[in-house]
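When you get a sec, could you build the whole thing from the sequences and use the hints?
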Amino acid sequence: ETGVTQSPTHLIKTRGQQVTLRCSSQSGHNTVSWYQQALGQGPQFIFQYYREEENGRGNFPPRFSGLQFPNYSSELNVNALELDDSALYLCASSSDRDAEAFFGQGTRLTVV
Amino acid sequence: AQSVSQHNHHVILSEAASLELGCNYSYGGTVNLFWYVQYPGQHLQLLLKYFSGDPLVKGIKGFEAEFIKSKFSFNLRKPSVQWSDTAEYFCAVLPYGQNFVFGPGTRLSVLP
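Protein chains in written order, with the working numbering: chain W, 283 to 394; chain H, 863 to 974.
Please note: incorrect hints may appear among the correct ones.
[As the list claims (entries may be wrong)] Which residues of chain H face chain W? A partial, calculated answer using Cβ under 8 Å:
1) 908
2) 911
3) 952
4) 967
[As the list claims (entries may be wrong)] Result set (SDA-like, lysine to any residue): computed pairs, CA atoms no more than 20 Å apart in a straight line:
5) 931(H) x 864(H)
6) 911(H) x 378(W)
7) 923(H) x 382(W)
8) 911(H) x 382(W)
9) 911(H) x 311(W)
10) 933(H) x 869(H)
11) 923(H) x 941(H)
12) 920(H) x 382(W)
[To be verified] Computed footprint of chain H on chain W; a stretch qualifies when at least three of its residues, placed anywhere within it, have a C-beta under 8 Å from a C-beta of chain H:
13) 319 to 329
14) 386 to 393
Keep in mind the hints are simulated off the structure, nothing from the lab.
Since the model is a prediction, treat every value here as computed from it, not as a measurement.
Even for Gly, the Cβ is constructed at its ideal location relative to N, Cα and C.
Next up, the structure:
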């Protein structure tokens, strides 16, 4: 176990709906990154939060947004869901003292 | 843009065979290099990492990797695989001050 927990583990949504995914980071970590892993592909970086501020963003549209809370847990919000948003969404936490990232088990999102 | 390529999409080996998974990256600056493993239904786990120093790094479960800077490569090796090594393997690059870039993954199937 990595100490990074994500919820829910599985989710089915309809195209056009909105979804919120949650991540609790490992104790002592102040940085959370989100990744999208489509079937058969490697994780793709969505964005990173450091001390409640967005600290880098990948090539994802604005309908992907996030938050980080004072306890360093984080949310990923996706609006206007599209079929191609179906994927495993991974959260990783790290500290600014060590580049190693610890991953959660992910949330499997299916958009129908 | 930075990219990571992995030489093989799917590798099939018999138990006790030797393993080498290729990884190349395109980035000219300072990078940290990682290999992650994803067992079926589980989260990404760190196998090993290279930050600096000895280019031959040893990780968990008998895995090792060699960083060859002139070839922009970071190949993963194991002298004798076991059935329990069946998993998806991801090479990842962390350019200094940036975020992880993952390769597409190599699926390893070990036949008993």
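Right, here's what the structure says about each hint:
Among the interface hints, the one on residue 908(H) holds; its C-beta lies about 6 Å from the nearest C-beta in chain W, closer than the 8 Å criterion. Hint status for residue 911(H) relative to chain W: holds, with the closest Cβ pair at about 6 Å, below 8 Å. For residue 952(H), the interface hint holds, the least distance from its beta-carbon to any beta-carbon of chain W being 5 Å, beneath 8 Å. For the restraint placing residue 967(H) at the interface with chain W, the shortest Cβ-Cβ distance is roughly 5 Å, inside the 8 Å limit, so the hint holds.
Straight-line distance between C-alpha atoms of residue 931(H) and residue 864(H) comes to about 15 Å, which keeps the hinted pair within the 20 Å bound. Between residue 911(H) and residue 378(W) the CA atoms are separated by roughly 17 Å; this keeps the pair inside 20 Å, and the hint holds. In summary, the hint linking residue 923(H) to residue 382(W) is supported, as the alpha carbons are separated by about 18 Å, within the 20 Å threshold. Note on residue 911(H) and residue 382(W): the hinted pairing holds, with a Cα-Cα distance of about 8 Å set against a maximum of 20 Å.
Only pairs whose Cα atoms come within 20 Å are accepted, and residue 911(H) paired with residue 311(W) is accepted, the gap being roughly 19 Å. The suggested pairing of residue 933(H) with residue 869(H) holds, with an alpha-carbon distance near 14 Å, which does not exceed 20 Å. Pair hint residue 923(H) plus residue 941(H) holds up; C-alpha atoms about 11 Å apart against a cutoff of 20 Å. Restraint check for residue 920(H) and residue 382(W): the C-alpha separation of about 16 Å stays at or below 20 Å, so the hint holds.
Only when three residues or more bring their CB closer than 8 Å to a CB of chain H does the claim for the stretch 319 to 329 of chain W stand; here the count is 6, and the claim holds. Restraint check on the stretch 386 to 393 of chain W versus chain H: 3 residues with Cβ-Cβ distances below 8 Å, three needed, restraint holds.
Violation of the numbered hints given earlier is absent; every hint is satisfied by the structure.
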